[in-house]
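Asks: Heads up: the protein sequence lines correspond to chains A and B, in order. The opening position of the first sequence corresponds to residue 1 in the numbering used here, with each subsequent residue numbered one higher. The opening position of the second sequence corresponds to residue 1 in the numbering used here, with each subsequent residue numbered one higher.
Treat the hints loosely; a few may be bogus.
Chain B stretches covered by chain A per the calculated footprint, using a threshold of three residues with CB under 8 Å from any CB of chain A [as the list claims (entries may be wrong)]:
#	segment
1	14-28
2	86-93
3	241-249
4	298-309
Computed spacing ranges between beta-carbons, pair by pair [stated by the list, open to error]:
#	chain 1	residue 1	chain 2	residue 2	range
5	B	12	A	18	36 to 46 Å
6	A	16	B	215	51 to 61 Å
7	B	293	A	37	17 to 27 Å
8	B	41	A	71	17 to 27 Å
9	A	16	B	228	56 to 66 Å
10	B	39	A	94	36 to 46 Å
11	B	159	A	84	35 to 45 Å
12	B	89	A	16	22 to 32 Å
Here are the simulated lysine-lysine pairs, BS3-like style, with alpha carbons at most 27 Å apart [stated by the list, open to error]:
#	chain 1	residue 1	chain 2	residue 2
13	B	42	A	55
14	B	315	A	55
15	A	55	B	22
16	A	56	B	61
17	A	56	B	21
Note that these hints are calculated values from the structure, not bench results. Just so it is clear, CB atoms sit at the ideal spot from N, CA and C, and this is done for glycine as well.
Chain residues, written in single-letter form:
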Amino acid sequence: MTLDERTVVTRIERLTLRDLRLWVREGWVRPAQGQHGPVFDDIDVARLRLLCDLKKDMALPTDVMPIVLGLIDHLNRTRRDLRRVTEALDQQPLEVRRAVIAAVRHRAEAGD
Amino acid sequence: MSNDPYKILGVSKSATQADIKKAYRKLAKSLHPDLHPDDPGKQAEFQAVSAAYDILGDTEKRRRFDAGEIDASGQERADQRYYHQYAGQDAGARYDQGQRAGFGPGFGGGREEDFADIFSELFGQRARRGGAAHEVHARGNDLRYHLEVDFLDAARGSRRAVTMPDGKSIEIAVPAGVRDGQTLRLRGKGGPGIGQGPAGDALVTIAVRPHPVFVRDGDDIEIELPITFDEAVLGARVDVPTINGPVSMSIPKGASSGQRLRLKGKGIARGKTTGDQTVRLKIVLPKKIDDEMTALAERWKEAASFDPRTDIRRKT
Chain A
1 MTLDERTVVT
11 RIERLTLRDL
21 RLWVREGWVR
31 PAQGQHGPVF
41 DDIDVARLRL
51 LCDLKKDMAL
61 PTDVMPIVLG
71 LIDHLNRTRR
81 DLRRVTEALD
91 QQPLEVRRAV
101 IAAVRHRAEA
111 GD
Chain B
1 MSNDPYKILG
11 VSKSATQADI
21 KKAYRKLAKS
31 LHPDLHPDDP
41 GKQAEFQAVS
51 AAYDILGDTE
61 KRRRFDAGEI
71 DASGQERADQ
81 RYYHQYAGQD
91 AGARYDQGQR
101 AGFGPGFGGG
111 REEDFADIFS
121 ELFGQRARRG
131 GAAHEVHARG
141 NDLRYHLEVD
151 FLDAARGSRR
161 AVTMPDGKSI
171 EIAVPAGVRD
181 GQTLRLRGKG
191 GPGIGQGPAG
201 DALVTIAVRP
211 HPVFVRDGDD
221 IEIELPITFD
231 EAVLGARVDV
241 PTINGPVSMS
251 IPKGASSGQR
261 LRLKGKGIAR
271 GKTTGDQTVR
281 LKIVLPKKID
291 DEMTALAERW
301 KEAASFDPRT
311 DIRRKT
């Protein structure tokens, strides 16, 4: 599903066209480029809702936003990596999984 | 959890709107699900807090709640999907380690083969990264485009120019047989690299507009062809549209509606193979049946004993 600017603004009540364009310019949200302007898909819309929560509901100052977004993006990349490792691990023989779990637990206990 | 929005936000019944807003902000900051993506407890709490604020944050709704006109339930936000639910999936790679000002240098950019640090370490690349740490080389950003193409352009292939926000234009060769939703990767057509890093790619997602006549099934094309009563009875040669222009086709004597005829090699040509076009016949009578046709049908009815529904009766 792809939406243009006006549809996005209608769908997210709290969002103004001005803020939307500003946030795209800042690179906080990165829509694909269509022939008649930017087009937004599901993940962009969810991210815009998050931006509204941070910027409007929680009133985070503009200069703090890149730091918070950077941390959130980093967190999500790590979660994705972790999920891939977990999925790869799930495919391993039982003894390999056991050995890995034991090694992880050992490190956690050792405070590494 | 309590259902009372005042209790949920931890404010008294006499709290001012400013107090309520402040209480909500404080809770939202500590509970927001995108800040705690793997904690369903916090998500539930945040939803309760949001629902409470939906009522108390709005003076009119608060008045109606206080007056007992609306209850605390039924105000809960619809089952909204949070950002982290997308970002935790592969699609989230788009927002990895920001690609523009304010996010630091743009590493990666979400290419599948770009392994995050964790994988580099897993596969023993840690040692190789020693030395020259201050020299940063990174691949440029991937740029994403959305291109709508007409059915025939998608079926036959075409060249299209896409204009970027900065006014630059890139030409895209849309290959014949491209599918709706398919993404083309144009190597090196994305943002410039950092240091000696290579340029990023342009990722073009194609949307194909449907055609009023042609329908696609893999590399085959299907159309419905209206024919007249006499063409069906006597057989005929007719012009049939294909994606590459009209061709002549013969309708066999005694054709029926729904009968399928195949035009070999008139479908989508992709690589070495070419699909076919299927023509589905549909007998169409004129809106107004004239006397001659009526007389013909009545004469035929008298004489013939054809029953096309014997099969249906036998099976039901």
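Asks: Each hint needs a verdict: does it hold in this structure or not?
Replies: Results for each hint:
1. For the segment 14-28 of chain B, the stated coverage by chain A is satisfied: 3 residues place a CB nearer than 8 Å to a CB of that chain, which reaches the threshold of 3.
2. Counting residues of the segment 86-93 of chain B whose C-beta lies closer than 8 Å to any C-beta of chain A gives 8; at least three are required, and the coverage claim holds.
3. Look at the segment 241-249 of chain B against chain A: 0 of its residues bring a Cβ nearer than 8 Å to a Cβ of that chain, fewer than three, so the hint is violated.
4. Residues of the segment 298-309 of chain B lying with their CB closer than 8 Å to a CB of chain A number 0, which falls below the three-residue condition for coverage.
5. Checked against the given bound of 36 to 46 Å, the beta carbons of residue 12/B and residue 18/A, roughly 37 Å apart, stay inside it.
6. Separated by about 42 Å at the C-beta atoms, residue 16/A and residue 215/B break the suggested range of 51 to 61 Å.
7. At about 55 Å, the CB distance of residue 293/B to residue 37/A disagrees with the hint of 17 to 27 Å.
8. In this structure the hint that residue 41/B and residue 71/A lie 17 to 27 Å apart at CB holds, the actual value being about 21 Å.
9. Taking the beta carbon of each, residue 16/A and residue 228/B are about 59 Å apart, inside 56 to 66 Å as hinted.
10. At roughly 29 Å, the beta-carbon separation of residue 39/B and residue 94/A lies outside the given 36 to 46 Å, and the hint is violated.
11. Range check, residue 159/B to residue 84/A: Cβ separation about 38 Å, and the 35 to 45 Å hint holds.
12. Under the hint 22 to 32 Å, the C-beta atoms of residue 89/B and residue 16/A, about 29 Å apart, fit the expected range.
13. Taking the CA atoms of residue 42/B and residue 55/A, the gap is near 20 Å; set against the 27 Å cutoff, the hint holds.
14. Between the alpha carbons of residue 315/B and residue 55/A the distance comes to roughly 66 Å, so the proposed pair goes past 27 Å and is violated.
15. Restraint check for residue 55/A and residue 22/B: the C-alpha separation of about 14 Å stays at or below 27 Å, so the hint holds.
16. Restraint check for residue 56/A and residue 61/B: the C-alpha separation of about 20 Å stays at or below 27 Å, so the hint holds.
17. As the CA atoms of residue 56/A and residue 21/B are separated by approximately 11 Å, the hinted pair is consistent with the 27 Å bound.
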